[in-house]
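*Asks:* Build out the structure end to end from the sequences listed, making use of the hints.
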Amino acid sequence: MSSSTTGLLAGLLLALIAGTAGVGWLVLALLFGAVGYLVGAHLEGRIDLSSLLPGRSRG
Numbered sequence: 393m394s395s396s397t398t399g400l401l402a403g404l405l406l407a408l409i410a411g412t413a414g415v416g417w418l419v420l421a422l423l424f425g426a427v428g429y430l431v432g433a434h435l436e437g438r439i440d441l442s443s444l445l446p447g448r449s450r451g
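Just so we're aligned, residue 393 is where the sequence shown starts under my numbering, counting upward by one.
Treat the hints as calculated values from the structure; they're not laboratory data.
Any given hint could turn out to be false.
[Said to hold, decoys possible] Here are the computed distance ranges between Cβ atoms for each label pair:
| hint | residue 1 | residue 2 | range |
| --- | --- | --- | --- |
| 1 | 405 | 438 | 21 to 29 Å |
| 2 | 438 | 406 | 16 to 24 Å |
| 3 | 443 | 405 | 17 to 25 Å |
| 4 | 412 | 443 | 18 to 26 Å |
| 5 | 442 | 397 | 24 to 32 Å |
Don't be surprised by glycine CBs; every beta carbon is placed ideally from N, CA and C.
*Replies:* This is how it looks when you write it as C-alpha cells:
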C-alpha cells in the first residue's frame, strides 16, 4: 500500500473519530498514531530510539 493511500485511510479514520467521539478522542488517536509510527520506523531501521531507552546499550 502506498504512503498516499495509507495517509488517506488514516485521515478518513481520524475524521470518523472526530465526528463521532469528539475532539478528546481525536487527540488520543493522534497520539497513538504518532507512537505507532515511531515504533514502526524504529523496527524498519529508519530511526534509532535506543538512546531514549535507559539501560539498553548495545556496546
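*Asks:* Run every hint past the structure and note whether it holds.
*Replies:* Evaluation of the provided hints:
| no. | hint | result |
| --- | --- | --- |
| 1 | 405 - 438: 21 to 29 Å | 23 Å, holds |
| 2 | 438 - 406: 16 to 24 Å | 23 Å, holds |
| 3 | 443 - 405: 17 to 25 Å | 31 Å, violated |
| 4 | 412 - 443: 18 to 26 Å | 39 Å, violated |
| 5 | 442 - 397: 24 to 32 Å | 31 Å, holds |
The structure is inconsistent with the numbered hints 3 and 4, although it conforms to all the rest.
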